[in-house]
Amino acid sequence: MLTATQGAQGKLAGVQIINYGGPGSQPLVRIRGTGSMLAGAEPLYVVDGVFTSDIRNISTSDIVSMDVLKDAAASAIYGVRAANGVIIITTKKGRSGKMEVSYAGNIGFRQASNLVKMANRSQYTGFLTEVSPGTVIPSGNTNTDWFDEVLRNALQHSHNISVGGGSEKMTYYFNVGYLYDEGIVIGNKYDRFSIRSNNEFNLTKELKFGTQFSFMRANSDTIDNGAIFNNAYRAAPVVPGKVDGKYGNTSAFGNVGNPILNIDKVNNRAAETRLQGTAYLEYSPIKSLKLRSAFSVDQSFYTRRVYNYAYLNDAVTFIETGGNQRNDLSTLTGRKENVTNWLWDNTATYEELFGKHRLTLLGGYTAQKYSSDYVEGVRRGVPPTRDQWYLVTGDPNTSTNNGGGDKYARASVLGRVNYAFADRYLVSASIRRDASSRFPENNRVGWFPAAGLGWVLSEESFMKDKGAFDFLKLRASWGRIGNDNIASNSYIVTANTGVPYVFDNGLVLGSAISDIKNANLRWETTEEYDFGLEFSTLGRRLTGEINYYDKRTIDALVLVKLPGILGDPDNEYVTNAGSFTNKGWEFTAQWKDNISEDVSYTIGGNITFNKNKVTGLNAGQPLPRGGVGQQGSTTLTDNGEPIGSFYVYRTDGIFQTQEEIDNYKNKDGIVIQPNAQPGDLKYRDKDGDGSITSADKYFVGSYQPKMYYGINLGFNYQSWDFSADFYGNAGNKVYNGKKAFRYQVTDNIESDYADHRWRADRPSNSDPRLIEGNTPASDYFVESGSFFRLNNLTIGYTLPKATLERMRMSNLFLPHLAEFVYPETFQRLQSGVARQSARIRY
Amino acid sequence: MKRNFRLTLYTLTLAALATGCGKKFLNIAPQGAVTEEEIRNNPNAAQDLVNGVYNIMWIGGFEPDINSFQFIIMTEIASDNADKGSTPDDYQAAKDIDNFTLDSRNGVVSNVWKGHYQAIARANQALDKIPLSPLDDAKKNALLGEVRFLRAHFYFNLVRFFGGVPKIDRVPNADEANSDQFQTRASVDTIYNMIIEDLTFAVNNLPLKGATQVGRATKGAAQGLLAKVYLYRKNWQGAFDMSQAVINSGLYDTLSNYANIWRVAGANSSESLFEVQTGVNAACNAAINIYSVCQGPRAGGKRGWTDLGFGFNNPSANLVAAYEVGDKRAAATIITVPAGGTVLWDGFRIPGRDSVENDRYNYKAYHSRTQEPYCGVPDRMPKNHRVLRYSDVLLIYAEAANELGNIAEAQNKLNMVRRRAGLGNFTGTQATLRTKIWDERRVELAMECDRFFDIVRQGRAGVIMRAAGKAFQDGKHELFPIPEDQRELSGNRLGQNNGYN
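Taken in order, these protein sequences are the chains called A and V. Residue 9 is where the first sequence starts when you use my numbering, and the numbers rise one by one after that. Residue 864 is where the second sequence starts when you use my numbering, and the numbers rise one by one after that.
The set of hints was computed from the structure by calculation and includes no laboratory data. Be a bit skeptical, because a hint or two may be false.
Which residues of chain V face chain A? A few of them, derived with a C-beta cut under 7 Å, are [claimed, not checked]:
#, residue
1, Asn914
2, Gly915
3, Tyr917
4, Trp976
5, Gln988
6, Ala1001
7, Lys1002
8, Pro1029
9, Asn1056
10, Ile1059
11, Asn1148
12, Asn1152
13, Gln1349
14, Leu1352
For each residue, glycine too, the CB sits at the ideal point set by N, CA and C.
Isolated chain A (complex conformation) (with noise of 0.2 Å):
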């Protein structure tokens, strides 16, 4: 296991990892469901008790444990951000005692799987001269596997030292990793070089201090995934890759750029420099007080270069000159970006026990600043020696530069109140006030209370006594959270500045107003319910947990679409534009068994069921959104729906015949498709007004899923270890956007397609005979988006207790990398008309 969140997908009930994107991105996580539309619908992580959004400086080594915390009253006291679930994260700390000095290392494999398989050289040529004959296809045998071509097999290893240690008066844990991780997609690749300490000092009986710190020095080769992914899947096979240096040329063929030469000329690469700092003073002046105080600071360096290669469309560069892949001007891009995030967090803790009742309090106030700045610069006509690359070797007269911050600070003041009778009875209840500087002013402060209730049967008398378990509780709890995570000037209507304008021939700057905002956003606030029930049985070799929760978001923050005569740049704005609930049951269940002293074995899984529904729309209008190419938009969130609910047109099959076509009719006799040839897709007039318009559309399902669930398993034997971890969901779909697009009727088809498009000669009801620019966003393209993987595989040894060092190999695979969902990419060559908004299946 390479990264943190790797660990933990399919591990947990009740929590959903979504992997995308290449090496070093942060996975997405759902805990119950899509808990916030807009208002980042990310956990909230706390690593040794400092708040973040991001892990990756973590290695896999010095983590300790990893705890969800899924109810809003047990995630209560996070607070702000809190409110989609919190992953507490313990790292390694040294003990008294002897020194110990670990090693741990990984090595691996990737590779994509399950990729849609394309149309080959004579699939395609068949496709290609029925419905277009005048195109003239490249003679030859070329026979050109695309995705092949871009993916490989990708080499991970990772290796880490760590030495822990101490005293009465001290302990101390230092740990040095290194991490190199390739994407699938050639030239894609990142490592980290990573150092962390954790140290504490026992000052005096009283005090206590403490540090932690990270540095972490991370360099990668970005590609941009999307774009490959896109033309990969459009370029045509009857055109060479890259043959002796030279490449083929699939623009001059179609329009599509060649997707090796996207990757070759262009360097992109980043450096994130990451320094995270806590220290911390515990003082107990009386036994049951503790007071507590640290005061952390996370900062991020990034500094980015791209080069964008000058090359023509010529013969030093194409096996074939033309097309309009080409760059005529070498470009250097250079930023740099600082990121400060300082916390600042006090609790002080009351805790006492009279005789059988135990009585906590705790009171805090927490302060939080976050604020960020960059520059950028780009020169033109930079020679293509690496050497060269710095913005003074360009054309200063193409110079352009650019800047720009951000600023947000929070703060909380918090009180809790826990009572325990006989640690049978638990009673808990806090109340938080949250104030954050993206509201405005009025409504800038918000209150969040939070209750729970626990009862350990197991402790009972009458439980005691059958000894069916060895420990039984259920809970039950309520709570409110409030969730912020919106950009920092949502509500506050701003001037551009540095909006230019040519005026005399010169450069004028302007300014501009343009986006639409909401000036009284409030707080969103989820709401949860929770029941749970937890057990241990037959001589704790069995565990589970049982749990229903009812989570709802109102007055939840959304990018709500407008309409283009309101003028918003991206025709959107944030607003608290609806409420919706996540309702769902977990299970878990681990098993657990020695069968010797030798032989041990475990068996877990989790499945959790979720149903997501939006309830409001607080009187506006339901939200269409996700156009593909010409289609309009795909989804559309509505009372009764889950969130982005694809709504399109129903099909019913294949018009096979002109007579077919001429007797679909309504009721009134209109013949509803007039335009239809044999072969095209039939569509469902719902409303029976005798054409096809956009109330004929359907709710089709959601890409969220209705179930997800793991399943692990482990055996050692002796100092052998085995592991295997599957994942998986369902009932959830997903929109084939790259099917659904074609600009060009020489982009590649899928193989599938090819075989089963209707053909007068070969009909077919499942495929029709043509997808075009302008096919409609219909139910064709929906495709179902269930799946079942294997996350991870390790084979592992331990060398003898005896000796300090551990070795640990391990065998990882990871075939879910090519199916995750992409965000919506765009790509443009400089010719042709090729906006791509595309979604690989996952």
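Once you have looked at the hints, place chain V on chain A.
For chain V alone, coordinates are given in the frame of chain A:
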């Protein structure tokens, strides 16, 4: 214990202090952006906002569009002047418009709608904030005049494309943005009245050409545009008066070399009333996105040369036939690629017909990469878009004079235009003159995005379009459909144009 107590007290005080500071701590102004407060105090702020309205005219490409590719598709490619061009299958949406097989989901139409309303929103924002400025009234009115000129220009396009459209003449309050007032279409008359009001204000408050920076709206530009608007309203007297005012100002003249009008050498010439500025564009940030390259000659067939663009918007055979023998304008308007190739004005050689995709390309959009400023990015070649020029005003004047019965004046101005083109004088009756002026407008303004609107205005669109082989239906295709996505967003309160669904 005492020490402990002090430490506790200290911690608590600190926490209380921090809470007390909370309000200030959380008041964070937007970073790197101007707020309303600053507009009130900074005398340059109003001017800056006005400059920002001009900037919106650079948008275009495959996104919201005002003057670029998609505007060209809906004007020239839609008309009989030009064919879609490029490879036969490139850009289905453009093909649908060329052939009038489009429906309301057409992305080009949607982007032109959105582009124009973005521009209108910027204009309204500027109009909203200029009155807050500390400047004196005369200066403020001049700024308002510039913006109202631009707004009128945007609405004039919209009303000609779509008929009645939502009338957004101010910044809507958040709570009224979704009201029927904004989400439904105003009548054609209402929109035209607003345009005329805006232009009349501009005429009364803008400085003359030469009395302001090159590129800004002027009194003459406003008069010229108002003359054109009156022409579309068949207000002959209004059109006559306004075009006469431009002519009598003495600030404008036809350029002797017609071909130079669209070159950098002819930018902002004596013939120019209003054009979208691009300058020298060294940093590649000042140009209408893909304006020139989308119309550039495109490699095809044998290829083997560095092509110049996407190859769209080809002058049609129909247009070629419209030129009289000896008309100098034909060669200045059309790049013809004969079998043996051709050399363009800047020395660039296109090897032969078998190396390009199409027979003809638009010379008026051609930008030389060697003889004119070029920053290396074909998408951003600095070609000024000529919105309104003097010969258009002369022909408006001629048409209005003819309709008012002033045949002599009509012939006089028509022949000014013809003589520059190397053609002889025309004389005729009111009826023959009317048709001649219309035909003259076609060849004089060919490939300048005027033809489609012009023949619809003249009431001849159906006859002309069908003669050019297009599936044009009378009573439907004079207007474009209201974009489906926009109708959806209005909750179907935006009515559709006749014949579309």
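Going down the list of hints, with the structure as the test:
| no. | hint | verdict |
| --- | --- | --- |
| 1 | Asn914 | 3 Å, holds |
| 2 | Gly915 | 3 Å, holds |
| 3 | Tyr917 | 4 Å, holds |
| 4 | Trp976 | 5 Å, holds |
| 5 | Gln988 | 4 Å, holds |
| 6 | Ala1001 | 20 Å, violated |
| 7 | Lys1002 | 16 Å, violated |
| 8 | Pro1029 | 5 Å, holds |
| 9 | Asn1056 | 18 Å, violated |
| 10 | Ile1059 | 21 Å, violated |
| 11 | Asn1148 | 6 Å, holds |
| 12 | Asn1152 | 11 Å, violated |
| 13 | Gln1349 | 5 Å, holds |
| 14 | Leu1352 | 4 Å, holds |
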